[in-house]
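Asker: Given next are the chains, with one letter for each unit.
Protein chains: 2
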Amino acid sequence: MSGPEAANGDIVTAGLVVIGDEILSGRTKDRNIGYIAEHLTNIGIDLREVRVVPDVEDEIVAALNALRARYDHVFTTGGIGPTHDDITADAVARAFGVSIDLDPRAVAMLKSRIPESRLNEARLRMARIPAGASLIENAASAAPGFSIGNVHVMAGVPAIMQAMLDALTPKLRKGRRMLARTVFADMGEGAIAKGLAEVQARFPDVAIGSYPKQVDGRFATDLVIRARDEARLAEAASAVEDLVARTAASGAS
Amino acid sequence: MSGPEAANGDIVTAGLVVIGDEILSGRTKDRNIGYIAEHLTNIGIDLREVRVVPDVEDEIVAALNALRARYDHVFTTGGIGPTHDDITADAVARAFGVSIDLDPRAVAMLKSRIPESRLNEARLRMARIPAGASLIENAASAAPGFSIGNVHVMAGVPAIMQAMLDALTPKLRKGRRMLARTVFADMGEGAIAKGLAEVQARFPDVAIGSYPKQVDGRFATDLVIRARDEARLAEAASAVEDLVARTAASGAS
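Taken in order, these protein sequences are the chains called V and X.
Mapping the first sequence onto the numbering used here, position 83 (from 1) lands on 83, and the numbers just tick up by one.
Mapping the second sequence onto the numbering used here, position 35 (from 1) lands on 35, and the numbers just tick up by one.
You may find that some hints are simply not true.
[As the list claims (entries may be wrong)] Straight-line Cα separation of at most 25 Å, SDA-like style, residue types lysine to any residue; simulated pairs:
#: 1; chain 1: X; residue 1: Lys213; chain 2: V; residue 2: Glu137
#: 2; chain 1: V; residue 1: Lys174; chain 2: V; residue 2: His84
#: 3; chain 1: X; residue 1: Lys29; chain 2: V; residue 2: Phe219
Please keep in mind that the hints were generated in silico from the structure rather than gathered at the bench.
Being a predicted model, the structure only gives us computed values, none of them experimental.
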């Protein structure tokens, strides 16, 4: 495990590489980033960075190498199907400097679910796995993902990605969960900004975020308090609640 | 304008930096990436890379400097509100090595739409603009975004971001549009992968992408053909259509 914070067992970090021209062209609207972000938060892994890159091997390799040196885990989505534009496995092999070939375990998985008449050369390509990787099975499809070093390679189709993430989750090193509490403020965030900065200054070990939203056409605010320590979270949330009540009583909006 | 392809007037590129802890924690599901990707494609700008970074100044500065050196345009979303966690404008000023202060034009915009009783110190912070920037007005809210060099700084709230992008669009340098055509194949992508690679090899100047999807519980495929030249696009699309028809006739699935 790498990353400057790896020595601190409380914090386990991750980066995510989303691979695919279709996301960058806007044709496909990504649904994996939000799902993975929420899942990792829930299991005690902090997602620190996401990169969306095109189906270009040099770009994939560069993103992988940048993120795997920085974070405890790197997840990827996309580019592991049977067509010519599916180049993720080759890019991962190149990033790690290992060979890639048909993996007998992966071939067996394909054979167990795809009738021989349909298991053509292209579909067999999905069993090409970098040397030294372990496979990620999934309940949704025949072709596996794989983990090599701290990089976990998953499908791009959301249902398949989710099944792979489920299979992967028990095997991942996790840290102490970041806990969150949301305090709603029925006012614009500008009304509460000064007091909020003061609360943040009193709780430097707690992260306080302010998120404007529109309710019935006017602005309101979600204040999100995050900490790993339950007691500190409660203390900070209570300070934010007091602030909201005082600000509302003052008539500010 | 920078970037290796800037010499080619046909191609104008962009990067996008999405700023915000709430995206990385999964609390907020980003809706801006897909919107911006589609909009840029439609106006003749190729989105080449997206990075999602936390509300940490060093991270924002690093992402800005990496992308503004590589692409013709860099867009950012998020972090320009009135609260302590809104640090994008400061990060942009630091990335460009310029000062940042209250901008009289931005102050005037705020005053024209926010009653004086509500225009407190925190809300005035939204008029802090890096020196040398031009403002991006928007029809949705009082506070402007801004452009400096090739970086365009927008709000994170989708409705406001969209209004800023509309205001910005006429001012952006654009290239020749990437055109796309989609051919539907009622079969798994593995059935067509070999023939598709052959078509791709015949049309190296055309990008052919294969996107599996589920229709009535079984896999089907969208084949997306992209090129800037209308005639080449039509030729390649027709070759793909022929392939799909031949494959369907052969009974492969």
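Asker: So, for every hint listed, does it hold in this structure?
Answerer: Structure-based check of all given hints:
1. X/Lys213 with V/Glu137: Given that 25 Å is the threshold and the Cα spacing comes to 20 Å, the pair holds.
2. V/Lys174 with V/His84: Judged against 25 Å, a Cα distance of about 35 Å means the pair is violated.
3. X/Lys29 with V/Phe219: Satisfied, since the Cα-Cα distance of roughly 19 Å is no more than 25 Å.
Hint check: a violation occurs at hint 2 only; the rest are consistent with the structure.
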